[in-house]
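Chain order of the listed sequences is A and B. Here the first sequence is numbered in this note's numbering, starting from 1 and rising by one per residue. Here the second sequence is numbered in this note's numbering, starting from 1001 and rising by one per residue.
One should not assume that every hint holds.
[As the list claims (entries may be wrong)] Some residues of chain A that are not near chain B, with every Cβ distance over 12 Å (derived):
#1 G22
#2 K62
#3 S74
#4 M159
#5 L179
#6 H205
[Unchecked claim] Selected chain B positions facing chain A (in silico; Cβ < 8 Å):
#7 N1162
#8 R1197
#9 P1199
#10 R1202
#11 A1206
#12 R1213
#13 S1216
What the hints contain is simulated information worked out from the structure, not anything from laboratory work. Note that the Cβ used here is the ideal one computed from N, Cα and C, for glycine as well.
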Amino acid sequence: MSQVLEVSNLHKAFGGIKAVDGVSFSVKEGEILGIIGPNGCGKSTLFNCILGQLEPTEGAVKLDGRDITNMRPSALNRLGVSRTFQLLQVFPELSVRENLILAGQEHQGSMLSRLFGARDAGLTDKAEQMIGFFKLGHLADAKAGGLSYGQQKLLDAAMAFMAGPRLVLLDEPAGGVNLTMLGDLKERLRAINAEQGATFVVIEHNMDFVMSLCSRVIVLAEGKVLAEGTPAEVRANPAVIEAYLGH
Amino acid sequence: MSAPATTNDLSRPRGRALPGLIDGTLVTLLLGAAILWFAPVGMGRYGTYVLSLWLVMSIAVMGLNLTLGYAGLKSLAQAAFMGLGAYTTALLTTKLGVSWYAAFALSGLLTFAVGIVLGFPALRVKAHYLAFVTLAFSTLIWLILRNEQWLTGGVFGISNINRPDFFGIKLFGALEFHRFVVAVTLILAVAQWWLIRSPWGRAFTALRENPIRAASLGIDTRAYTLLAFAIGSAYAGFAGALYAPLVEFIDPSPFSLSQSFFLLLMVVAGGAGYLLGPFVGALLGVVLPEWLRFAGSLYLIIFASIVLLLLIACPQGVSGLLERGWTKLTGRRGGTR
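The following block holds chain A by itself, in its conformation from the complex:
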């Protein structure tokens, strides 16, 4: 299988603080890669450097062999790279359906056709599918801001998949989600991975979630890669146990 994402010697410093310090890794097509590490180890900064929201101090990011370092987030999204955020990032004044249509509309036709074409950019059916898939059916017309935290997390994840991306970076998707919804979310992610062959990179603190979802895990500590391997290998790594898992 080909490499979808390649990160080479990525650095990001804020003044004298090295948030990301020479991180390199690659992700194969269809893989679910987990990135774990203690708070402040640089996980989200790494995501933001990969996704063009922060300019890396040094290093390169490639998508399908093409250099995408410092590419604008909107351009990256149109290349098939999608993401969720650590903090909730839905549009609270729009309904669940409108949030989903918004998440896919820029992939439909040209700007001009979107102005003069259908109001839903032809995405109502896709949005309904996604609403059903993420079990948000009874909330389709509700304003996103009125949903529970867990439901907003599901919506946030659903939005990331509206445009049929090939690479999705999920930043703490399980954070604040109750056990029932967590099971739903994991099941949905697995299904999308299996059915659509989408590639995932997941940052998460919930070890059970990561270890049961991901086929490979990278452990970050102080901005560097501390360990890499299968969930079982990482669990057994003494350096990881000392730095992060703690027992």
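Chain A is already provided as a structure; the job is to place chain B on it using the hints.
Same frame as chain A, now just chain B:
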């Protein structure tokens, strides 16, 4: 690190439009136009003039509502753009003999183009920093209008601005021109209604509510920021192109910075981010002072008190207040957007 969601307090939300092509807002616009068509009968020249002025100012406020209310970009240059439109139309029609229709289109094009250029700082600076950039532009335009006498007539302005014909029908009379203004206002309002309910409108809302998330969904925030600025400015240009023949004489004073603040007040008081808000805001700004004439020199104090009380009672403006009332009455949202 993820950026938190941002919300513009000036521009809250807005009822959900009814499904289908025809919705409550469009029906209100069409009904309103029909009423305004006949409204001036028996009103006299001055009353008709005030109604027309209200509609012309509504067009300028519609533009600012798009820029601020929907896209969340704070501009203090709307009156300057209106001035650009008014002077372009006045100069083209009086000095070069260009037809009003061509001058109207060119005024819109010019203000659209200048709006694109002025929108570039909006890509780098936000909130009050952007407001300062537009404030500087506003002052610059006013100085040009006042000082470049060879072109603009300076403080003496430009007079004898003729009103256009419409397929041979003379629009010189107050009633005829008012009806022409009603038609143009309706066209521009329906165009904005279409824009707001299109995917562009959704992208503008996303830009206001959370530009970082919007970009991560493929929304070209640069393009939409520039478009919001440019279209909003073009509306001011169109308003200026109608204002010049309405008053038949223009000078720099109606296009000063204080007028831009006044237009901003109309957006907020009417309800930022509500499609019908500009009409309500301009009604407060243009017609209310006329109703308060009986108070003589106290009218400004009364006017300011009314606006202050309104904004304390309902920061979402009159449209927000109406929407709240509608929601309580019917138990659902909609109707005023």
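Hold the hint about R1202(B) up to the distance rule: shortest CB distance to chain A must be less than 8 Å. Hint holds; R1202(B) Cβ to chain A Cβ min 5 Å, cut 8 Å.
Separation of K62(A) from chain B, once the least beta-carbon distance is taken, above 12 Å: holds, 19 Å
Least C-beta distance between H205(A) and chain B, which was stated to exceed 12 Å: holds, 14 Å
Quick check on the hint: S1216(B) CB to chain A CB, less than 8 Å? holds, 5 Å
Separation of S74(A) from chain B, once the least beta-carbon distance is taken, above 12 Å: violated, 5 Å
Beyond 12 Å from each Cβ of chain B, as asserted for G22(A): holds, 19 Å
Holds or violated: the hint that N1162(B) contacts chain A, with Cβ atoms closer than 8 Å. Violated, because the Cβ-Cβ distance from N1162(B) to chain A comes to roughly 35 Å (cut-off 8 Å).
Given R1197(B) was flagged as interface, is its beta-carbon under 8 Å from a beta-carbon of chain A? This interface hint holds because 5 Å falls under the 8 Å limit.
When you look at the beta carbon of M159(A), is every beta carbon of chain B farther off than 12 Å? violated, 7 Å
Hold the hint about A1206(B) up to the distance rule: shortest CB distance to chain A must be less than 8 Å. holds, 6 Å
Just double-check L179(A) for me: nearest Cβ-Cβ distance to chain B has to come out over 12 Å. Holds: least Cβ distance 24 Å, greater than 12 Å.
Hinted contact R1213(B) with chain A - closest CB pair below 8 Å: Holds, about 4 Å.
Violated hints, in rising order: 3, 4, 7; the structure is consistent with all others.
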